[in-house]
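S.K.: Chain by chain, the residues:
2 protein chains.
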Amino acid sequence: MEGGIPRAAAEELDAADPLAEFRERFVIADPELIYLDGNSLGRLPAATPDRLREVVEESWGGGLVRSWQGWIDWGGRLGDRLAEHVLGARAGEIVVSDSTSVNLYKLAGAALDAAPGRGTVLMDAEDFPTNRYVVQGLAEQRGLRLCRLASDLDGGLDLDLLRSALDRDVALVVLSLVSYRSGALLDMARVNELARTVGARVLWDLSHAAGAVPVDLAGTGAELAVGCTYKYLNGGPGSPAYLYVRRELQAELRQPVWGWFGQREQFQMGPDYDPVPGIERFLVSTPPLLSLAAIDPALTLVEQAGVARIRAKGLLLGRLADDLTNVWLTPLGFRSASPRPPEQRGSHLSLHHPDAWQICQTLAAEAKVVCDYRVPDRLRIGPSPLYTRFTEVWDAMARLREVAARRTYLSRPAGLARVT
Amino acid sequence: MEGGIPRAAAEELDAADPLAEFRERFVIADPELIYLDGNSLGRLPAATPDRLREVVEESWGGGLVRSWQGWIDWGGRLGDRLAEHVLGARAGEIVVSDSTSVNLYKLAGAALDAAPGRGTVLMDAEDFPTNRYVVQGLAEQRGLRLCRLASDLDGGLDLDLLRSALDRDVALVVLSLVSYRSGALLDMARVNELARTVGARVLWDLSHAAGAVPVDLAGTGAELAVGCTYKYLNGGPGSPAYLYVRRELQAELRQPVWGWFGQREQFQMGPDYDPVPGIERFLVSTPPLLSLAAIDPALTLVEQAGVARIRAKGLLLGRLADDLTNVWLTPLGFRSASPRPPEQRGSHLSLHHPDAWQICQTLAAEAKVVCDYRVPDRLRIGPSPLYTRFTEVWDAMARLREVAARRTYLSRPAGLARVT
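Residue numbers (the working numbering), protein chains in the order written: chain R, 5 to 424; chain Z, 5 to 424.
No wet-lab data here; the hints were simulated from the structure.
Heads up, a few of these hints could be off.
Copies of the same chain look alike in the list, so a pair counts if it works inside one copy or between any two.
[Said to hold, decoys possible] With a Cα cut of at most 25 Å, we get these calculated DMTMM-like pairs of lysine to aspartate or glutamate:
no. : residue 1 : residue 2
1   : LYS372    : GLU61
2   : LYS372    : GLU62
3   : LYS372    : ASP399
4   : LYS372    : ASP34
5   : LYS372    : ASP18
6   : LYS372    : GLU58
7   : LYS372    : GLU406
Full structure from sequences and hints, please.
M.R.: Pasting the structure below:
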């Protein structure tokens, strides 16, 4: 027993974990390595290498161009599975394609062009950089006013602040359901409702939420969303993203990148762009098939575990991390930089420490704990419930305590921060 | 001997082929299948499955998020190799990212925004559909006049027509170096020069040219180009595309999709978009890594064979196909729908026949020859020089003659054309 929370407590949680068996369905190349960066790149599902080999050797190598008959709507099939099992949408409302940034660009562009009388875009000043830059570019190109809401770095966006900024000039609100840094979880239903009262649209980024917390796009009246598949969905590095457009809205929106995968009778190759009425109108072109294929077996695991059970375990993991932070880390100069309790955030949490960067490097190099650093001074810890044991969180926090206590971190070379 | 061209002539060409050994470096799953659709999806290089397994199992499975240290500039490294060995550009002028359509959108958008006083975009009315649609969308969004040059379906774009359309109102000309349908090859140097005389920019699509014909972006004064990697470069289904921006032009162009991969000090995550001055400013976000990885071993083959030798063999393959068409197919109602001689086109050719669709289907289903169909009545034949034998072209044309002669094709079900 150490400092009030015995390792046995974590062992008991592991023993009672209904998702414990899922860990075996991932590749654990180094059992000693504690991986708490599932919120950045999820682990490799054990079924993925064989599935990829099949796609590469049989479908590409053997079937060659003929395999496109079965590949061409794969993004739509994955989208329907995401809709049913992960994001609470209807069939035909989600499709997998491009990157999160490109999808954000397409949907934000479409929404802005569909609201010609309105001159303001609202966003969170602390949103993930690519979201901020994409929206900034669109606003500048269209001569719109960009209003960046000053959100709390640790606590997330205050809905009163959002409410006070919403008026009938607002065309679009772009927000992340779960903050990439603090993990703060917004109330999707409440935000959608606030925006609706002034006739503004909300475009959600679900990257840090999908596969970690229940999302109910249909039930909360969400109209637009995008997100990535390589975090809690374990689709692999840079796996294609998804986009969601509420069915009733699809035909009236026209996205700016007019590609042939959105075209009616695509292979008739007609002279003018004439997009299909459905979700495929938001597609552009040929998807990166191998990266797309890797999403398939990964999604199966999330479907089988079920987001409700994943969330239930995620809350327990989060509570354990909070408790250990309180007893072990706060005395060493750490401060929680995430909302508490865990119900108010996604599956990751942030810790503030002035030496966060050095601690992160030292943990990885000397203590076999991988988490990550985010500017300016945050250690980000993302225990993905599908494969993270409670004892791993306990051990990782114990190692973190050791590293922080001895204060002999790896030093920070000038300029190195930019590649971490 | 059949109809004047003995099979032995093809056998002799195979025996003398300096690239013959390269066929063994591809997966030939069914040796009886003749694959003449390398212009649509190139074959699987034999080294690719192992390379992918390494990236998946070791780098993703073992290295996890830490592998991004080595991955993050992979698109740039591939770009530099394309520049040196395939496209005649300088280091730092090409990067692999996104899809051809998205890259076209980015570069066309950047070029248009950099020419505010000009109101016209020129393109080829017969260009590949996605190019036409993307440019149409950009022109419409910016209120520009879109001028579609009536190109010859078989012979390609007449440069006199282009010259007569070029004036000082033209901001941008978008053209494919090799036509996707007829294979017509444009004179890049001449076009660049014509455009330069009126101060217009040219954006080239190199999809059907790269890895098939020598391209000299630097030497011809090309400023902008995009293209795909899954045809003659054998990068795999939907493998990421590349984009080229001449070094002197990079800092003055700003592309419309402001993603964090273009940002200076990317991981500082600063408040405002402030793109790097170099080629990375045209990047958007996290690339689909597995699809990107597959380009690596494929590119090695092209580098080792060398584009000059690939082109030399491509010309001989084309001449053989032309000769066989003359003696065997013309009497059966076929007409060449490509420029002749082969020097005037890329590595594929088109044949016109009123029953082209049925013939294409029958060839694949009953004669083990895969080529493809393009509206309205074209059979497209793309013998990729790296792995196609001269005897395969001879055998395929013989089988094509048989199928066409007996006139008992598979019938064409209503509506099926759209998925071929």
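S.K.: Hint by hint, note whether the structure agrees.
M.R.: Okay, the hints, checked on the actual structure:
Only between protomers do LYS372 and GLU61 lie at most 25 Å apart by alpha-carbon distance; the minimum there is 19 Å, versus 35 Å within a single protomer. In the homo-oligomer, the alpha carbons of LYS372 and GLU62 lie at most 25 Å apart only across protomers (17 Å), although the nearest pairing inside one protomer, at 38 Å, exceeds that limit. Proximity of LYS372 and ASP399 under a CA criterion of 25 Å is satisfied intra-copy only: 10 Å inside one chain copy versus 60 Å between copies. In this assembly of identical chains, the alpha carbons of LYS372 and ASP34 lie at most 25 Å apart only when taken from the same copy (10 Å versus 47 Å across copies).
In this assembly of identical chains, LYS372 and ASP18 lie within 25 Å of each other by CA distance solely inside one copy; the values are 20 Å within and 56 Å between copies. In the homo-oligomer, the alpha carbons of LYS372 and GLU58 lie at most 25 Å apart only across protomers (22 Å), although the nearest pairing inside one protomer, at 33 Å, exceeds that limit. For the homomeric pair LYS372 and GLU406, the shortest alpha-carbon distance inside one copy (13 Å) is at most 25 Å, but the shortest distance between copies (66 Å) is not.
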